[in-house]
Amino acid sequence: MSNIRNFSVIAHIDHGKSTLADRMIQHAGLVSDRQFRDQILDTMDIERQRGITIKSNSVTLPYTSKAGEKYNLNLIDTPGHVDFSYEVSRSLASCEGAVLLVDASQGVQAQTVANVYMAMEHDLTIIPVINKIDLPSADVEQAKEQIETELGLDSESCILCSAKEGIGIEEVLEGIVKRIPGPDGKEENPLKALLFDAHYDSFRGVIVSCRLFDGRVQAGDAIRFMSNGATYKVEEVGVFRLRREPKNELCAGEVGYIISGIKTVSDTSIGDTITLDGHAASGPLPGFKEVKPVVFSSLYPISSDDYPSIVEALEKYKLNDAALVYQKDSSAALGQGFRCGFLGLLHLEIVQKRLETEYDQSFIMTVPSVQYQFTLQDGEKVIVDNPQYYPDPGSIESTAEPFIKANILIPERYMGAVMKLCIDRRGVNSRFNYPTPGRIEIFFDMPLAEVIVDFYDELKTVTQGYGSFDYEIIGYRESNLVKLDILVNGEPVDALSIIVHADRAREWGVRMCDRLKDEIPRHQFKIAIQGAIGGKIISRSTISAFRKDVTAKCYGGDVTRKRKLLEKQKKGKKRMKMVGSVMIPQNAFVAVLKSDKE
Amino acid sequence: MTAGLYIHIPFCRTKCPYCDFYSIPSLSLIPKWLEALRKEILVYKGLFPIFDSLYLGGGTPTVLSQSQWSELMETLFTHFAFSPSTEVTVEANPDDVTEGLMEHLRGLGVNRVSLGIQSFDDQELHDLKRRHTSQRATKAIRCIRHLGFNNLGLDLMYGLPGQTQTRWLETLKQALDFEPEHLSCYQLTIEEETPFGKMRDKGDIHPLDEEGQRALFIRTSSFLEQEGYVHYEISNFAKGKEFTSRHNMKYWQRLPYLGLGPSAHSFRGNRRWWNLKSVEGYCEALARGSVPVAGEETLSKEQQDLESLMLGLRTVEGIELDRLGDRSRSEKVLKDLKGTGLVRVEEGRVMPTREGFLMADGLPLLFSP
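First to last, the protein sequences are chains C and X.
Residue 81 in the working numbering is what sits at position 81 of the first sequence, and the numbering runs on without skipping anything.
The number in the working numbering is simply the position in the second sequence, starting from 1, with 1000 added.
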């Protein structure tokens, strides 16, 4: 085990994490220069487009140290968003060390601090690496000073590199070998493996990524998931070297995969402990929790003819995403569809994007909602995550919504702006903490509903990217809720209804009317958009009618061209939803939420 | 279902900066073109049993010499059958109108003249780079009337950059002095591929805003209706039903037509085809013994319905309710349109109003499934 090193790379976005991983992979000779492509571990299109990592990934890198010793370095790549903070924590729990990457010109940023704290919580050995030293704007001394003062790490131990230019890669690898301890754990103990990722392969079923803390596992073994007691027979074990490489067995300290005939990733839980059925560990590894959806939105096909294909796409997609939950739903405006639950708004966007691009589906997603709790006058308690099922207002005794403890870390100078943002979002009970000079940690109790839409984006805006944010759900609190309806030419569009706090209803009504005014194209007639609570109109906007929409000439040579244009517009119309005679573009249903600053 | 025949004469002495019809500013290829046209006539001989309209358009048809006219008309009358009451229209440029030519054309059977006046304002004519002056236009009209043509159409343009409503009405009133049987009033559309299009992109000319265009359109329509004209299509007005352009109605009613000459379009049954947009290419194809067709399409039922809707809603006749497809949907649309005054429903037809004409490009989309 002394020749194994398990580590993650943690970094602020754009500080060069994927490039460093790419260089390490190239150094290990796992891929020829010809086959190489940037961001090699980020296999999903959306990861490449947005430059972020969503799925955890691991790769085993062979390395021969300067002293001539052969090592296996297991790099565990982690997602970089608060929606997936649990996945990150499980990935970090699988490591003994972390390479902390800091951009030489940008220095230590908020995300870096949050990540370092998480790594420290897991007692990881942290190797600070200053990247991009080749840039003209690089200020290595300042970066070192920040690493010392803001993170409390020894700046003397910093390694300098430029992943892009391939400078210092060897030093980083050498540092990993020398400074990060090898794993401990005993091969003779009962198997204890931490499941930190699972993905679906259409030939082999679910491939589980795990870190073995104790024991060993090989093909033919009967394994047991300790969270639910499910047992499977192991078909294959091995390690990832970009491709799967089967091995006879995985032993304590190693990182690798297990294939055992599991049908969908929903049968697995990240953070679960895998043990042997016949020779079980006495208890699971610490830190397991069931991941529950917190954001809900309905998904409707644009055309009802597409319903069967959406069903199929969701079933296939779900094979690879245990966190997505869904059930049938229907709407007067939008027809048959599904109510879906997500980990957060980024998760929602990922599902949306992947269904569209990888599964070629066109659909509408409605305004996201959290789960509200209603106590009725007869004492019954109902949970509602869909405004359509808002109880009869006359029957409601009290209403409650989920609250979170928000944890925000910022340079002190942004304190005013962040306080204002949190209070605007109904934050209460603020507390402060000063971890290092010049930095402040702010805690707020806030309604979850206020952070799911664009809070993170706003925070990044007001802190110029220096704000980091994390949260945990702390339970339900009583709250004065109302249902806000949107009427288009007098017709309520159920899919646009939202549940909001009474104090913020007017603001939301105005915002939604304004946004819809921008999103709905002009028609031949005037369109009135209204926000209403009960029967009371609280906001309105009007889309003026076309004043002239005709071309002067249409003779023999013009007919085909004009018809083709109409056919194109008809296709566009199919991507819209008709409410009466008003065409609402599918984007409008999501756009109503976005703040108008974009 | 009697068909119409269109001949495209793609020659102009000078090109007008707003025009996007195909033509070349040189007359040297006319003999070759005539020879090719004769071959094309032979290709389509017999395909259409009889025509009741013949439209000689361009380009500038009046650049042909009298002998070329004789040759063209004789070939047509030799190889195609025409009903006795055929409407025979020639598009004429005022600058080319002489008593000799017009008398010659009358002798060849031409009974309707469409005269490209555009404006009676010399400054506007200059800006439009027309060859003629208002005085020349007046002279041309007098000449045509003098020779006894009793179906005269005048083509006018409005909505020109900088044109006021008063100035436009001035042109319109002068046109009415000649009591034309037909008026085409085209609101200037700046087409991308024209010199005007490029001038607009560079900011050298500024098209009227939507509200201004709308006001001019409404004013034109109401003024001419007051004067006894029927506004029977977006841009066309007739002094009584008998003076509507029989040929042009074929385009809007989806009746068959044969188009000969470069860039001409033809339509028969559910098929449409169109010729090469090049005099040389056109002549070469026919010289090779091939057809000068550049493209064709066969229309699906859905496409035919869409065309009926699109074209029907451009004319005062509108479209039969039964042809709008799904009854419950069209009734819903009509209900929503009620109060907008864009269409009226009478005797089982949906007809655009004056306001509806102004929206004719978007209306079909509302009714189409």
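Check before you lean on any hint, since a few could be wrong.
Stated by the list, open to error - Below are the BS3-like pairs computed for lysine-lysine, each with C-alpha atoms no more than 30 Å apart in a straight line:
#1 Lys536/C to Lys1015/X
#2 Lys1335/X to Lys164/C
#3 Lys562/C to Lys1338/X
#4 Lys1301/X to Lys574/C
#5 Lys574/C to Lys328/C
#6 Lys536/C to Lys553/C
#7 Lys1139/X to Lys1015/X
#8 Lys1015/X to Lys570/C
#9 Lys1139/X to Lys562/C
#10 Lys1277/X to Lys553/C
#11 Lys568/C to Lys1239/X
#12 Lys1015/X to Lys526/C
#13 Lys420/C to Lys328/C
#14 Lys571/C to Lys1338/X
#15 Lys571/C to Lys1332/X
#16 Lys1277/X to Lys568/C
#17 Lys1202/X to Lys526/C
#18 Lys571/C to Lys316/C
#19 Lys328/C to Lys263/C
#20 Lys328/C to Lys233/C
#21 Lys1139/X to Lys553/C
#22 Lys178/C to Lys233/C
#23 Lys564/C to Lys1139/X
#24 Lys353/C to Lys562/C
#25 Lys247/C to Lys66/C
What the hints assert, rightly or not - Which residues of chain C face chain X? A few of them, derived with a C-beta cut under 8 Å, are:
#26 Ile473
#27 Arg477
#28 Asn480
#29 Asp549
#30 Val550
#31 Gly557
#32 Arg561
Simulated from the structure, these hints should not be mistaken for laboratory data.
On a predicted model such as this, the values are computed, not experimentally measured, just so you know.
Every residue gets a Cβ at the ideal spot worked out from N, C-alpha and C, and that includes glycine.
Going down the list of hints, with the structure as the test:
1. The hinted pair formed by Lys536/C and Lys1015/X fails the criterion: a straight-line CA distance of about 62 Å is larger than 30 Å.
2. Distance restraint check for Lys1335/X and Lys164/C: the Cα-Cα separation of roughly 65 Å exceeds the 30 Å cut-off, and the hinted pair is therefore not satisfied.
3. The straight-line distance between the Cα atoms of Lys562/C and Lys1338/X is roughly 26 Å, inside the 30 Å bound, and the hint therefore holds.
4. For a cut-off of 30 Å, the pair hint linking Lys1301/X to Lys574/C stands: about 19 Å separates their Cα positions.
5. For the given pair, Lys574/C sits about 23 Å from Lys328/C by alpha-carbon distance, which is consistent with the 30 Å threshold.
6. At roughly 48 Å between alpha-carbon atoms, Lys536/C and Lys553/C are farther apart than 30 Å, so this suggested pair is violated.
7. With a C-alpha separation of about 23 Å, the suggested pairing of Lys1139/X with Lys1015/X holds against the 30 Å cut-off.
8. Proposed proximity of Lys1015/X and Lys570/C is contradicted: the alpha carbons are some 36 Å apart, above 30 Å.
9. About 38 Å separates the Cα atoms of Lys1139/X and Lys562/C, which puts this hinted pair outside 30 Å; it is violated.
10. With a C-alpha separation of about 19 Å, the suggested pairing of Lys1277/X with Lys553/C holds against the 30 Å cut-off.
11. Proximity of Lys568/C to Lys1239/X is assessed by CA-CA distance (about 37 Å); at most 30 Å being required, the pair is judged violated.
12. A threshold of 30 Å between alpha carbons decides the hint, and for Lys1015/X with Lys526/C the separation of about 42 Å lies outside it, so the pair is violated.
13. Between Lys420/C and Lys328/C the alpha-carbon distance is near 40 Å, which puts this suggested pair outside the 30 Å criterion.
14. Using a Cα cut-off of 30 Å, the hinted pair Lys571/C and Lys1338/X holds, with the two alpha carbons roughly 26 Å apart.
15. Annotation: proposed proximity of Lys571/C to Lys1332/X holds, straight-line Cα distance about 21 Å (limit 30 Å).
16. Simply put, Lys1277/X and Lys568/C have alpha-carbon atoms about 24 Å apart, close enough for the 30 Å limit, and the pair holds.
17. Taking the CA atoms of Lys1202/X and Lys526/C, the gap is near 34 Å; set against the 30 Å cutoff, the hint is violated.
18. Among the hinted pairs, Lys571/C with Lys316/C is consistent with the structure: their alpha-carbon atoms are about 27 Å apart, no more than 30 Å.
19. About 22 Å separates the Cα atoms of Lys328/C and Lys263/C, which keeps this hinted pair within 30 Å; it holds.
20. As the CA atoms of Lys328/C and Lys233/C are separated by approximately 34 Å, the hinted pair breaks the 30 Å bound.
21. Between the alpha carbons of Lys1139/X and Lys553/C the distance comes to roughly 28 Å, so the proposed pair stays at or under 30 Å and holds.
22. Taking the CA atoms of Lys178/C and Lys233/C, the gap is about 38 Å. The hint is violated against a cut of 30 Å.
23. Between the alpha carbons of Lys564/C and Lys1139/X the distance comes to roughly 43 Å, so the proposed pair goes past 30 Å and is violated.
24. For the suggested pair Lys353/C and Lys562/C, the alpha carbons sit about 33 Å apart, so the restraint of at most 30 Å is broken.
25. For a cut-off of 30 Å, the pair hint linking Lys247/C to Lys66/C stands: about 27 Å separates their Cα positions.
26. Taking 8 Å as the C-beta contact cut-off toward chain X, the hint placing Ile473/C at the interface is violated, the least distance being around 46 Å.
27. At its closest, the beta carbon of Arg477/C sits 45 Å from a beta carbon of chain X; the interface hint therefore is violated under the 8 Å criterion.
28. Using the Cβ-Cβ criterion of 8 Å, the hint placing Asn480/C at the interface with chain X is not satisfied: the shortest such distance is roughly 38 Å.
29. Satisfaction of the interface hint for Asp549/C is found here, the shortest Cβ-Cβ separation to chain X being roughly 5 Å, below the 8 Å cut-off.
30. A hinted interface residue such as Val550/C counts as satisfied when its beta carbon comes closer than 8 Å to some beta carbon of chain X; here the least separation is about 4 Å, so the hint holds.
31. Taking 8 Å as the C-beta cut-off, the interface hint given for Gly557/C holds, the closest approach to chain X being about 5 Å.
32. Proximity of Arg561/C to chain X is violated relative to the hint, the smallest CB-CB distance being about 10 Å (cut-off 8 Å).
This entry does not satisfy hints 1, 2, 6, 8, 9, 11, 12, 13, 17, 20, 22, 23, 24, 26, 27, 28 and 32, going by the numbered hints stated previously.
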